[in-house]
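Enquirer: Mind docking these for me? Both chains are given alone in their own frames, and the hints should help you get the complex.
Here the protein sequences come in this chain order: A and B. The numbers in this note's numbering rise by one with no breaks, and the one at position 50 of the first sequence is 67. The numbers in this note's numbering rise by one with no breaks, and the one at position 47 of the second sequence is 135.
The set of hints was computed from the structure by calculation and includes no laboratory data. Here the structure is a predicted model, which is why all the values come from computation and not from measurement. Glycine is no exception: its CB is placed at the ideal position from the N, C-alpha and C atoms. Just to be clear, a hint being listed does not mean it is correct.
Stated by the list, open to error - Just the calculated beta-carbon pair ranges, DEER-fashion:
id, chain 1, residue 1, chain 2, residue 2, range
1, B, VAL113, A, PHE248, 37 to 43 Å
2, B, GLY178, A, PRO127, 20 to 26 Å
3, A, GLY101, B, LYS97, 19 to 25 Å
4, A, GLN262, B, GLN114, 43 to 49 Å
5, B, VAL123, A, TYR150, 27 to 33 Å
What the hints assert, rightly or not - The calculated lysine to any residue pairs, modelled on SDA-like cross-linking and capped at a C-alpha distance of 20 Å, are:
id, chain 1, residue 1, chain 2, residue 2
6, B, LYS97, A, ARG126
7, B, LYS97, A, SER104
8, B, LYS97, A, ARG84
9, B, LYS97, A, MET111
10, B, LYS97, B, MET142
11, B, LYS97, A, ALA108
12, B, LYS97, A, ARG136
13, B, LYS97, A, ASP105
14, B, LYS97, A, ILE103
Said to hold, decoys possible - Over 10 Å on every C-beta distance to chain B, these chain A residues come out as not near it, computed from the model:
id, residue
15, HIS151
16, GLY155
17, ASP238
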Amino acid sequence: MLTKRIIPCLDVKDGRTVKGVRFEGLRDAGDPVALASRYAREGADELVFLDITATNQKRATLVALVRDVARELDIPFTVGGGIGTISDVEALLMNGADKVSINSAALARPELIDELAARFGSQCIVVAADARYHEPGGWQIYTRAGTHNTGLDALQWCQEVADRGAGEILLTSMSNDGTKDGFALDITGAVSRAVSVPVVASGGAGSKQDFTNVFQLAHADAGLAASIFHFGEIGIRELKEHLRQDGIAVRL
Amino acid sequence: MGIAIIDYKGGNVQSVLFALERLGVQATLTADHDVIRRADKVLFPGEGEAASAMRELRTQGLHELLPTLTQPFLGICLGMQLLGRHTEEGGGTDLLGILPFDVVRFPAAPEYKVPHMGWNNLQTLRSPLFEGLSGEDYVYFVHSYYAPVGGYTIAEAAYPEPFSAAVQHENFYAVQFHTEKSGPVGTRILENFLKL
Chain A
18 MLTKRIIPCL DVKDGRTVKG VRFEGLRDAG DPVALASRYA REGADELVFL
68 DITATNQKRA TLVALVRDVA RELDIPFTVG GGIGTISDVE ALLMNGADKV
118 SINSAALARP ELIDELAARF GSQCIVVAAD ARYHEPGGWQ IYTRAGTHNT
168 GLDALQWCQE VADRGAGEIL LTSMSNDGTK DGFALDITGA VSRAVSVPVV
218 ASGGAGSKQD FTNVFQLAHA DAGLAASIFH FGEIGIRELK EHLRQDGIAV
268 RL
Chain B
89 MGIAIIDYKG GNVQSVLFAL ERLGVQATLT ADHDVIRRAD KVLFPGEGEA
139 ASAMRELRTQ GLHELLPTLT QPFLGICLGM QLLGRHTEEG GGTDLLGILP
189 FDVVRFPAAP EYKVPHMGWN NLQTLRSPLF EGLSGEDYVY FVHSYYAPVG
239 GYTIAEAAYP EPFSAAVQHE NFYAVQFHTE KSGPVGTRIL ENFLKL
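Pulled out of the complex, with its shape left as it was, chain B reads as follows (with noise of 0.2 Å):
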């Protein structure tokens, strides 16, 4: 029962513990995959380089575990990143394949410094995350890899170019931008995703 943040290392994750907090929200932090399969909300959080984080998913057997889960499903970030199929980061990995993207970094362009550091706006919201929330609201990035936008896009953002701010298959939800730090914007998309 209750709010499963998968622990695997994967960066600072006090952040979304404290945005749960400030939300009244209980959750536990666990790489144990039982309570993983029992909770009502999964969130997986992620920082840092991709490669590490697969490799300790793979150490916890979260690798199999994840793909498996059927309650609705928040990636953040990496957390995000890592749903694809390959990404580019680190000379080349294998991801969980659970959405069919491949994530690719930024080309380095004079007026578009990479990482993608700040708040940027979202476009072409579909889905009921986005609830109350317009194409005049804005959301922090840190990022130096992104997903294409596809069908699974259901929200874009451009950095000159469009690409998934956020996507979804089924239960499982991501967002490439940090909700915990995206003042009260980010508040109600998490405020949104615990309604699911």
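Extracted from the complex, chain A is given alone in its bound form (with noise of 0.2 Å):
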């Protein structure tokens, strides 16, 4: 039976894990590869990196990441942050990386995901979607890291990527992301129920309860959280055995 993922991101920069890393046991919390192989060791079904490095070497050293994350890790993994080319991709594919997840250049320019799913796959290409709810209005898409609206509808979006030929949708809701609050169970039901290809859930985990809700109650194929996990709040191993004891299927 396929089970539900279970997916820890890392930011990164420069080559380096930040946004504070609290985790006993490990001689550097800022080496992604230590970071990674640990996280595979407790059971992750896959790995987020998202890259925020704003340099001019940032694809050098992105792809010098991949490369070093790949020689390591026995489990898929996911790139992105701020990729905008196809030779972008061919370089983090060739290097190394399962997956390679775009978003503002998807805004920008939607005919890339065309060309990206057909010179890789679709099964390679993940569309990051960043929603954030307004009252009226509904739930609106944001671009350039959460910064501008752009005024589109969430759902119309991710079926017009999924359309496009993404082959999976990585959906973060701003409106819960740090709240812990738990994931927003409306849109990531929405969007599940109207589109052919897996829905990773992103924003607001805090309980392991909110990831039972996420995969019973919307749908969601994964469940994508940070810093849950980077401060060792929850155990992916202990989750894991909760939703399990929830009747949701997972490996274990």
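Expert: Next comes the structure, spelled out in structure tokens:
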């Protein structure tokens, strides 16, 4: 039986993990390879690396990081953050990334999704969508690291990216992100029902029950979180045991 | 001598090279017919789209070489599908015809997303390739097309209906999942293959 996936997300800058990782037993919590290997051993199903480097050397450091991670890691991983061209994607895939996630570049020129899917196959093209709830107006898509409202309806945009050939949608609720009050069940459920590709839910995870809810009530295919894993608030194994007790198929 | 990984621009081969490196095994990425013919073992990974993969294999004459190989051979993901007769992908494409299956697309269904992406367990294991493993073991799949179950099937997975997770004909073994991305279980399968 296909299992629901648990995905820790690591922010990296200049090839180092950032955003306060507090982990005992890691000599260097800033080393993405050490952290990735630890998550893999604990039972993470996949990892996402979000690159927030803003320098000119960005591409070279990201490719080097991907290579180092791929050399060590025996589970799949996705790389995202400021990726905008076919040659960017090619360099990352050829060096061992399993999937590449695009966001602002797809909003700027949606045809990029078709081109990437045709060139590399849908299976490795993830579209990340950042949505925020407005009253009135509903869920709208933001771009440029969540700083700019495109005015696009979130559900319509997700349907469009799936139609254009995205193999997976990484849906982040900016309204829930950082709250630890749980995932955005309404928009996650609406997108998951509307598209035929897998949906990764992100933003708001604070408890094990939040994951149960996003899988059972919103039909997400995977749940992504950062700080609750980095700070050791929830262990991946205990989370998966909880999910299994709730009748959700997980890999243990 | 050694292990040849077939180089036909069939997607991400780096992960397969790294997986072998973790096992302390050196491999050569090559399209050279002599090197491939002389190798002890041949790996045939693949990702992406079947028609362009077949075009590249034909360009390099590999479509004629591969069926004549006699050493243990392991196809991975698209590298498994290409061993069949025909695929629905891309409006229909003829494949290498080493195994007698036709590749079809998963039907879209509300609870069953396509691609079939993630960890699924292996069932009805019947090959030395899976020595030491059980139906509780999970491997990582990413694919939209599949080979139906047949006499050539040596492991099944279900989504929701059973399909071929692994196939074999004589020296030709192939797996639909990514051994190189399936954690310790995948590593064990690679080790088992290297012992064949």
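Enquirer: Is it true that the C-beta distance of A/GLY101 to B/LYS97 lies inside 19 to 25 Å, as the hint says?
Expert: Between A/GLY101 and B/LYS97, where Cβ atoms are some 23 Å apart, the hint holds.
Enquirer: Is the Cα-Cα distance between B/LYS97 and A/SER104 20 Å or less?
Expert: OK: B/LYS97 and A/SER104 at ~15 Å, within 20 Å.
Enquirer: Against the range 37 to 43 Å, how does the distance between the Cβ atoms of B/VAL113 and A/PHE248 compare: consistent or not?
Expert: holds (38 Å)
Enquirer: With d taken as the least Cβ-Cβ distance between A/ASP238 and chain B, does d exceed 10 Å?
Expert: Nearest chain B Cβ is 6 Å from A/ASP238, so the label is violated.
Enquirer: At the C-beta level, are A/GLN262 and B/GLN114 separated by a distance inside 43 to 49 Å?
Expert: Once the Cβ atoms are compared, 45 Å apart, the range 43 to 49 Å for B/GLN114 and A/GLN262 holds.
Enquirer: For the pair supplied as a hint, B/LYS97 and A/ALA108, confirm whether the alpha-carbon distance does not exceed 20 Å.
Expert: Holds. B/LYS97 to A/ALA108 sits at ~13 Å (cutoff 20 Å).
Enquirer: Would you mind confirming whether the straight-line C-alpha gap from B/LYS97 to A/ARG84 stays at or under 20 Å?
Expert: holds (18 Å)
Enquirer: Checking one constraint from the list: CA of B/LYS97 to CA of B/MET142, max 20 Å. Satisfied?
Expert: holds (11 Å)
Enquirer: Go ahead and decide if the range 27 to 33 Å is satisfied by the Cβ distance of B/VAL123 to A/TYR150.
Expert: violated (58 Å)
Enquirer: Given the hint that B/LYS97 pairs with A/ARG126, does the C-alpha gap stay at or below 20 Å?
Expert: The hint is violated at about 27 Å.
Enquirer: Could you check that no beta carbon of chain B comes within 10 Å of the beta carbon of A/HIS151?
Expert: Label holds. Min Cβ-Cβ 28 Å, cutoff 10 Å.
Enquirer: Given the range 20 to 26 Å, decide if the beta-carbon distance of B/GLY178 to A/PRO127 lies inside it.
Expert: holds (22 Å)
Of the numbered hints given earlier, the model fails hints 5, 6 and 17; all others are met.
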